[in-house]
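K.L.:
First to last, the sequence lines map onto chains H and W. So in numbering that gives the first Met the number 0, spot 167 of the first sequence is number 166, and the numbers just go up one at a time. So in numbering that gives the first Met the number 0, spot 87 of the second sequence is number 86, and the numbers just go up one at a time.
No lab work stands behind these hints: they were computed from the structure. There may be inaccurate statements among the hints.
[To be verified] If you want the ones that stay clear, here's a sample from chain W, every Cβ over 12 Å from chain H, calculated:
1. V73
2. H83
3. T122
4. H147
5. L156
6. M159
[Said to hold, decoys possible] Restricting the straight-line Cα-Cα distance to at most 25 Å, the calculated cross-link-like pairs of lysine to any residue (SDA-like) are:
7. W:K99 with H:R314
8. W:K99 with H:D63
9. W:K99 with H:A119
10. W:K99 with H:S190
11. W:K99 with H:Q466
12. W:K99 with W:H87
13. W:K99 with H:L80
14. W:K99 with H:D370
15. W:K76 with H:T39
16. W:K99 with H:L604
17. W:K99 with H:I544
18. W:K99 with H:D82
19. W:K99 with H:Q369
20. W:K99 with H:V439
21. W:K99 with H:Q76
22. W:K99 with H:E46
23. W:K99 with H:P187
[To be verified] One side of the interface only, derived from the structure: several residues of chain H facing chain W at Cβ under 7 Å:
24. L101
25. H573
26. Q602
Ideal placement from N, C-alpha and C gives every residue a C-beta, glycine not left out.
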Amino acid sequence: MRRMKHSLRAHLALGTLLACVMASADTGTRLVLFDDLASTPQALGIEEQRYLAFGGAILDYYSDRSFAALSRLRVNQAHGLFDDSTEYAELLQGELFLDYGLPEQAGVIFERLLRKDILARTRAEAWLHKADLHYRQGDYQAATDILTAAPIQALRPEQQPHRQLLLANALIHQGEFNRAADELATVPLDSVPGAYASYNMGVAMVRAGQPAHGLTRLEHVAALPSGDPEINALKDRAALAIGLTELRQGRADQARAALLRVRADGPYSSDALMALGLANYRRGAVRSALPLWLELIRRDPVHGAVQEAMLLAPRAYEELGALPQALAGYQVAAEQFRAVLHDLEATARRIRQPGWLHTLNDQTAALASQDPMAWLVRQGAAQGDDLVYLHQLFAERQFAEQYRQYQQLVRLSELLRQHQQSIPVLQATLAERQQRLARVAPRIHEQVAALRQQQQQLADATAALAQSIPQHLDINATHDLAELPHAIMWQRVTGWLDSTQPSAAQRQRLERLRGRLLWEIAHRGPANRERQQRDGAALIIDADIAGLRLAALEQLLNDAHVALQSDLGTRLTHLAEQIEAQRTQTEAIINELGERLQLAGLQLLARQRQTLGEHLAEAHLSIARLQDSAARAQQTRGRQ
Amino acid sequence: MKIRHLLLAMLVTVGCVPAAVAQDTGLSQRIQALKEQVLDLDRDLTLLEEELLYPSSQASFFLSVDVGTPIRLVDIKLTLNGEHIGYHFYSEHEFEALTKGGIQLLHTGNVRSGRNELEVSMTGYDPRGQDYQRTVSHIFNKGPGRKHIELRVVDDLDAMQHRFDFREWDQ
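Pulled out of the complex, with its shape left as it was, chain W reads as follows (with noise of 0.2 Å):
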């Protein structure tokens, strides 16, 4: 008898695997109601930031990459006018992210207006594996309106490596 009840109890156990959730008691309203107000604080924070931190004259640098590359990129480094602005190591993760469509805010910030000159330095691996760096610098007249620009990395199969296409954007 014992060892029937045995059974059953480790049958229970082994059981399904928790597929959906459906419960709506009290608390989780409560729950619920919270997540909504963080979410608009959030929101009216970061709208808030930009305002005071981004006057309508910001210069902003986006990176993309090819959706589905075989190459990897390794780390991106950024320097504005023989400044250094910005480092960025890619984990496995993000990169993954970068190449289902995901566009990456490297930078943004005041830039002085007239000619500049942005220069990227990026490390990666080639479909063989095998690691090389490049080097490019573009040059880009910021104007009093917002600029945006992004750095499309884009495969160059011919040469099993990485190339840089520039598009800028005024506002």
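The shape of chain H in the complex, shown without the other chains (with noise of 0.2 Å):
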């Protein structure tokens, strides 16, 4: 069933995005996908900080961290990020808020959304979600009006099986047989939730006195080709159910044939025997009944149909003038009805300790996601020995709901415990870094303002140096042309020309030399000035750089401060009176209903312990009878 849900919710939220994506900008904002990438650095507007915090969401909405994604969609709602004007992230929070048990904040948002100017699709979303939340409020009437008004006919066509799977359920529950086959027509049987809809409408019909529709209904879920377990499961409920109509109809054979088709080794094989026994028994077949039942006492006493089979069994043998093994029979049933009632009792015992519940949690699923929403235990996920004798509380509807409710309520219990947790180590953390701050904040406020006067000298010398580059390569400025070695030699050739008296030789070897000096200064002159444009470009950048890194510490100085005189620290003491009140609060809660659901157990099993007694009187009976009737034909036997 959570996973047809899952299915469903990610379409919803697809399509939320997508209609989110395609709407116009007079209809609301956006939610821009940024598909042209940009090479440099883009502004940090607020759509981009808009769509990667509904990114955030939208991962952990998938990932099973529902309220994570619910808390974060309204942490950035007092970021000022989402508000009345991102409708993506209005429907998603109102999806959210009613899987978190808050219809009422829910119907506020979806209210809110209808009275917007808002394009059709998304408008109807919201009808659907509204439709929902009336059907789970157990209002059809209202989901019904909603789910066939014109408006939410605009949604597309992907979400319509929900829309319509929604109506048809609203419509069984209403009655209305006929209109939900309409609406079931086109829904695929074989998806999970279409085939729950058709089984739902088949028991439905059958209850209302149309059990021939109700049949027909049936048999399309049993006639469904095997598939996942939850499909397989529900093809042995629906022919159990048509096996049982069919008794009550008095047809045997035909429930006999719809029997056979239960799965032996199904969570439905017991009832299945039992009833195809029935069945066989009820058309005069005895002996064809008797194996069925002595194959069914041999599993675990603990099932209904198992207790039932250990007194069918020995009366077939009865019938059948086998009174030995009749009476054997109804001994071997005393004594397991007597073992099951011991058992019971160690339950009840079980159920009246402390913790019992948390004994119930499947482990792997809570290892799996600690997340307050994220899939919890229901009926045939618990775990634990007591289950045996508790698996018909778990069917039923309203303890289901009461123990999700408990579970998640742990759940935000140990939420609400690392929370405590944390407190104390922000507080130290906060009070480390105001310490520190205090003390090294004056000095490196000084450093800093030196090191921007620094850096400002820097970056006006280098650009003062970039201008001064010469754009023309002009040879009467040799120095400047040249590489710095040469540069070098030039200075010192023409130094020993000007100053110093060489000999003719002399001289001419300097000449020499200063002109080839001269040749190799001009040649490399354009490499030369191209490079060293390059090198006054990047010391610009490097001081632009050095300014950056300026301007960072000085935020973070100016951070520091906003640190040091922050009312932090009594935000957070009170927090801690917060987390420490609701802890109290949801202890108490937490222990009202484990009250109920204990109570709840403990009611099931007497009325269990009541059956077996009445089993226990039956079995004694039928052995003091048949013992009495032996001993009747001993004494005839003995006076003839």
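Each of the two chains sits in its own frame; use the hints to bring them together as a complex.
P.N.:
Right, dumping it as structure tokens:
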């Protein structure tokens, strides 16, 4: 059930996202997906922040961390990212409120959305959520009205099956089977939601006195091709319902045919064996019924069908005239009933113990996610020895829902405990930071100011240098044009020629050297000038980066100043008090809910004890009856 | 007579699959009120944490993938200036969430200002089920304000592998 809901939700959320993307600007704020990649950093505007924040919420949502998704949306609401104008976030938040069990808050959001001038598809989705809300609250007429009204028809095609299923279920609850059947006509029956809806309708029709139509509907489900475990279990359940209905109608052969389709290793096989035996028994084939019941009595005696079989098998022996076997059968049944009664007593003692409900939790599911809204244990997923007696409770809607609430509250309590642990850490971090900042901030402030001055001078100097590099090549400015080694050599050679008195030969050699040097400088001049310009530009960038780093330091200093002045400490203390109060409240509600669940468990055990007591009495009476008749027969034979 | 009762009892057991729950007792209302309080508290604590732990010059690295990609991401390793800052292994469930439009915050923290080098290594399976590893690096400048970098894992269906695109935003 959860999975089918999840896949529908997946379509809905993705649909919402797409609808919002496609929304025109004049219908409210739209989510921008930024498909065009920019090669340089862009300004972090509100749309970019919304895109990243909503993407985070979507990740949590699809990762079965719905509480984290809801909390993230609300945090970003506080940041001013999401508001009434971001319909995509509103829709998701409304749905999450609904799942979290806060229907009023969800209703407020949907109402707000519906009052706005928004895209028809977004409006239709809001109507769909609102109908879902009415359905969950049991207001099936209101849900039907919405689901059949014109505005909701604007849903995207992939969302229509969800609408149809919801409408069909609402109609089934109102007994309007023909209309429900019309809605289901186009929903694929082999989908898990479609199969569930069809099964529910079949059972509801049988109960409403329309067995023929109900059986047809159930037959469709039972005839589905084998699929995943959920579909297979539903097929078994449908076949069993057909068998039992046919039996009630007195059509034993049809019942038998249906019951034979229930898998021998499935969860409904014991019930099917029992009913199959009854079908045979009803058509007078006691010999055919007996082996089925004998097979059944080898199974776990805690199951109701097995207990019934323990009494029916000896009765069949009786009818076949096998009185010793019948007597032995009743005696075995009495022993087994006593053993089960003993077990029931032990289970009742365990249920009364504190912490019993924790033992039912599926540890694997608990390890997978601790999110308070993550997949919680429901019928079939709970664990523990006591469940063999309590599975009936988990099949009851109210108990299952209360148990789900209980688990959610336990997780919320755990969340509060973790928050409580984090408060002292945050307080210590704050204190340590404030002390350190108070110590070093004045010194760093002075150093940053000095560095800022240096950086400014450096920036000015680099700019001036870059500007001073001439664009043209002037061989008269040899020292500017030459590379450093050549410039040094040029200076020396020129110096020697000007200041010393070389001999004619030396002068000639020096002049030749100067000539070669000049040629070299002129030859390399263009490349050297380019490099000088590049270096000048690089120096400007370096000076800018130094400025950027100084700005970052100044920002950090500003943050430090804010941190020193802030009232974070007081707010943390206030939060700690709130957490403590909420933990106390949560524990009180957990205890109260736990007591209710405990009481329901004990009441069920009491009912089972009473049934077992009746079975035991019947077994003993049958033993006495058989022994009396055997004694009478012996006496009669003695007299003869 | 007993057998008729038995049939009735079994029919009741088979019953309808629970679909909706409509209960509104005093306890339910208290639970609702408490849930709302916890939600408010969770929000307030997150805001305080952000205020305390992340100064206004933080840098955040995000990851997203192409919606509906046929390629499977297995894990990702993040290195900033030669220092390992994050690793994540994707469960099937998580990767599915990414392919449905989710964006993952890989790392948030203080990054030194100026030039930085981000290196990302990832392993994955291509549409043929063959595994591969890729490493890319990205140079960015960090200024005084917030820096957000999104790493987009894009399908390169010609090479049957992933391709990385980086997007930067400065505040």
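K.L.:
Does Q466 of chain H lie within 25 Å of K99 of chain W when you go C-alpha to C-alpha?
P.N.:
Status violated; Cα separation ~54 Å.
K.L.:
So if I understand the rule, the pair passes when the alpha-carbon distance is 25 Å or less; does K99 of chain W with D63 of chain H pass?
P.N.:
holds (13 Å)
K.L.:
Do the alpha carbons of K99 of chain W and I544 of chain H lie within 25 Å of each other, as the hint requires?
P.N.:
Given pair K99 of chain W, I544 of chain H is violated - Cα atoms ~39 Å apart, limit 25 Å.
K.L.:
Looking at H147 of chain W again, its CB stays over 12 Å from all of chain H?
P.N.:
violated (6 Å)
K.L.:
Report holds or violated for the interface hint on L101 of chain H, using the least CB-CB distance to chain W and a cut-off of 7 Å.
P.N.:
With a closest approach of 6 Å, the L101 of chain H hint holds.
K.L.:
Decide if the proposed pair is consistent with the structure: K99 of chain W and D82 of chain H, CA atoms, cutoff 25 Å inclusive.
P.N.:
holds (23 Å)
K.L.:
Using Cβ atoms and 12 Å as the threshold, tell me whether L156 of chain W really stays out of contact range of chain H.
P.N.:
holds (17 Å)
K.L.:
Let's test the interface hint: is any C-beta of chain W closer than 7 Å to that of H573 of chain H?
P.N.:
Hint on H573 of chain H: violated, closest Cβ of chain W at ~9 Å, above 7 Å.
K.L.:
K99 of chain W and Q369 of chain H: Cα distance at most 25 Å?
P.N.:
Holds - the C-alpha atoms of Q369 of chain H and K99 of chain W are around 22 Å apart, at most 25 Å.
K.L.:
Verify the proposed pairing of K99 of chain W with P187 of chain H, using a straight-line Cα cut of 25 Å.
P.N.:
holds (24 Å)
K.L.:
Under the criterion that the straight-line Cα-Cα distance not exceed 25 Å, is the pair K99 of chain W, H87 of chain W satisfied?
P.N.:
Status holds; Cα separation ~18 Å.
K.L.:
Is the interface hint satisfied for Q602 of chain H? The criterion is a beta-carbon contact with chain W at less than 7 Å.
P.N.:
Since chain W brings no Cβ nearer than about 17 Å to Q602 of chain H, farther than 7 Å, the hint is violated.
This entry does not satisfy hints 4, 7, 11, 16, 17, 20, 25 and 26, going by the numbered hints stated previously.
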